[in-house]
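K.L.:
Protein chains in written order, with the working numbering: chain E, 1 to 66; chain A, 1 to 66; chain X, 1 to 66; chain R, 1 to 66; chain W, 1 to 66; chain P, 1 to 66.
Calculated directly from the structure, the hints in this document are not laboratory data.
Certain hints may be false.
It does not matter which identical chain is meant; a pair holds if it fits inside one copy or across any two.
[Stated by the list, open to error] Straight-line alpha carbon distances no greater than 30 Å define the calculated DSS-like cross-link-like pairs of lysine-lysine that follow:
1. K60 / K29
2. K29 / K51
3. K10 / K29
4. K10 / K51
5. K10 / K60
6 protein chains.
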Amino acid sequence: MAIIRAEIGKRDQETKEAIIAELTDVLVKYGSPRENTHVLLYEVSYDNWAKGGVTYNNRKRAQESS
Amino acid sequence: MAIIRAEIGKRDQETKEAIIAELTDVLVKYGSPRENTHVLLYEVSYDNWAKGGVTYNNRKRAQESS
Amino acid sequence: MAIIRAEIGKRDQETKEAIIAELTDVLVKYGSPRENTHVLLYEVSYDNWAKGGVTYNNRKRAQESS
Amino acid sequence: MAIIRAEIGKRDQETKEAIIAELTDVLVKYGSPRENTHVLLYEVSYDNWAKGGVTYNNRKRAQESS
Amino acid sequence: MAIIRAEIGKRDQETKEAIIAELTDVLVKYGSPRENTHVLLYEVSYDNWAKGGVTYNNRKRAQESS
Amino acid sequence: MAIIRAEIGKRDQETKEAIIAELTDVLVKYGSPRENTHVLLYEVSYDNWAKGGVTYNNRKRAQESS
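Here chain E stands alone, though its shape is the one from the complex (with noise of 0.2 Å):
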């Protein structure tokens, strides 16, 4: 049994659907079983997710402007 909970950037459907197969797949080939085998992808805003005190989106005009 397996639930995966992806907390990702933006991504458009079909790379979502890539990522949640193979995300299945490593799951799977250790011993989940396929049918019990689930995965969440939440799509965080970079307004909202920050490392080192600094938002994603503050950090990339920094670097932008450096």
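Given the structure of chain E, go ahead and fit chains A, X, R, W and P onto it with the hints provided.
P.N.:
Chains A, X, R, W and P in isolation, oriented as in the chain E frame:
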């Protein structure tokens, strides 16, 4: 004390409020103080939620076309 | 479809199984297929769980000594 | 290392960035390397967030009409 | 960027490290910088994890006794 | 209202209580009612927590042996 987080599909507000009330009642019945029982509903798109490596929307399409 | 994650205090197994069954019944009642309704219980220590900046264990101690 | 996930009500971007910076500072102060300290903010609708079985929006309406 | 949280059953350390490495590879393949790709494994007891209202341990017992 | 969930490494109780108090203060400062501000700390093993596909314990071992 209890915090219940339910990932569900899209629901109308009335249904959500019934779900909230009844989930709360279950935890209160088993000892969680009502005013310390919290419920958060996450309505997850079936384009981002998958079982067996396939999103629930694609599983539905496959079912409908079989 | 539904995945319910409940953070609760320590409970005995019998109580946990009753909580699981009744939380599931609520979501099934409002349209979630029973075999696609999942519950995970997280028993969180009251040394790691706080309200108003004070752990529930310390709130209890403060209440007992007042 | 630290990953902080805060469920909050709707906030403007400036306030969110201040919250992010100060939550990060707390974990850094207690030993988490700054560049390994992550914050994600989830702005949850008060139609989906409840205490005591009643959504915060309905609690507010009840207060206002009492 | 990606944070993957996988709820799984009990695994040995070697298997966990293989799961971690391969889940990471999937997100890196689809654009997440390797050093900004995080995985957290939660090994959840099958006494606390249920499908269809019945814990996985009790489902297993029921299967074995049928 | 706010619920803060922090995934951190193992800490002693005193440090955890300081973290809890100060995380709470941040959310209270930005408008969350103190008695509606909740913190849950998850102490995650560095055998189950990875960056870049490698657990933090293995990253540390690699650093120490380089």
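K.L.:
Each hint: holds or not?
P.N.:
These are the hints, each one checked on the structure:
no.: 1; hint: K60 / K29; verdict: between (37 Å within a copy, 21 Å between copies)
no.: 2; hint: K29 / K51; verdict: between (32 Å within a copy, 15 Å between copies)
no.: 3; hint: K10 / K29; verdict: both (27 Å within a copy, 15 Å between copies)
no.: 4; hint: K10 / K51; verdict: both (17 Å within a copy, 21 Å between copies)
no.: 5; hint: K10 / K60; verdict: both (15 Å within a copy, 24 Å between copies)
When each numbered hint is compared with the structure, no violation occurs for any of them.
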